[in-house]
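Participant: With this note's numbering applied, the sequence shown corresponds to residues 754 to 1005, in that order.
To be clear, the hints were calculated from the coordinates, so they are not data collected in a lab.
Heads up, the beta-carbon is just placed ideally off N, CA and C, and yes, glycines get one too.
Accuracy of the hints is not assured; some may be wrong.
Pair ranges (Cβ atoms, derived) [claimed, not checked]: (1) ASN797 - TYR926: 15 to 23 Å; (2) PHE866 - GLN958: 35 to 43 Å; (3) ILE887 - GLN958: 22 to 30 Å.
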Amino acid sequence: MSSKIGRPEANPSATLADGSAPRLASTVYDQLREIITDSNLVVNRRLPSEARLAELCGASRPVVRQALAQLRNDGMIVSRKGSGSYVTQPPVTGVSTLAPVSSIADVQRCFEFRIGIEPAAAALAARQWTPADIDRIDTALATLEMSILAGKLGTTEDADLHDAIARATHNPYHIGVQAQMRPHVSTGMNITRALTLEHSLMWLQLVQDEHVAVVRAIRNRDDHSAFKLMDAHIRAAQNRMFKGMGNVPDLR
C-alpha cells in the first residue's frame, strides 16, 4: 500500500453538510484512484475498509463514502453487501506514454486530439451527469471566473473545469484520458495565453463565455449543443493561439 498519498488541505472532520465537502470528496476521489493504481489492485480485489481509507486520506468517513460512491458511478468499483468495495475497472493509465509537448507542432497535434475527444465527452456528460457532477462543474466554472476577475491566467482552473466535465461522463476511459492529457493541455493553454498577453483580458473573457455556454448545454441535458459548443470552444482556442503567432503550422 502506498504511503505517499497527499492529505487534503481541509478539515478532516468535514461532513457532507460542510460547504467544503464537495471539494474534499473530489480530492479523496483522486486519492482513491491513486491507491488503486499504486497498489496494483486488479479486478475483483477488495479495497481497504472505509475506516482505513479515511485514515489513509486524512478525511472523514462520510467524505470517503461520497468519493466511493463516485467511483461506483464511474464503474471503477462495486460494493458487495457485508463484504466491502471491489475493483471492477482499474483507472486508465496506458495513455501516460503520450509524448511530452516539446514544440508548437506538438501543441497543434494536441488540439487535433482534443477536438476528437472532448466534444464527445461534453455530449456524454450532458446525458450522464448527476447533481454532484453539476455541483463540481459549477464550482470549477465559478473558480475560473474568480481567477479571471483577479487578473490571473487561470490555466489550472481551466483544466479543472475540463476535468470536471470528463468526470461527469462516468466513463473511466474519458476520465482517464482527460487526466493523462492534462499536462499536455495545460502546456497548450500556457503557450496560448503567453502569446496573446496583449489581448489577454478580452480573450480570457471570450474563453469564459464559451465555457458558460458549454456548461449551460450540459446542465440542460442538450447533448447535441454540448458537442457543438465544446468543438467550437477547442477550435477557437486553437485559432486564438495561432492568431497570436501569425499562422497555423502545416503538419503534413
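Participant: What hint numbers does the structure not satisfy?
Facilitator: 2
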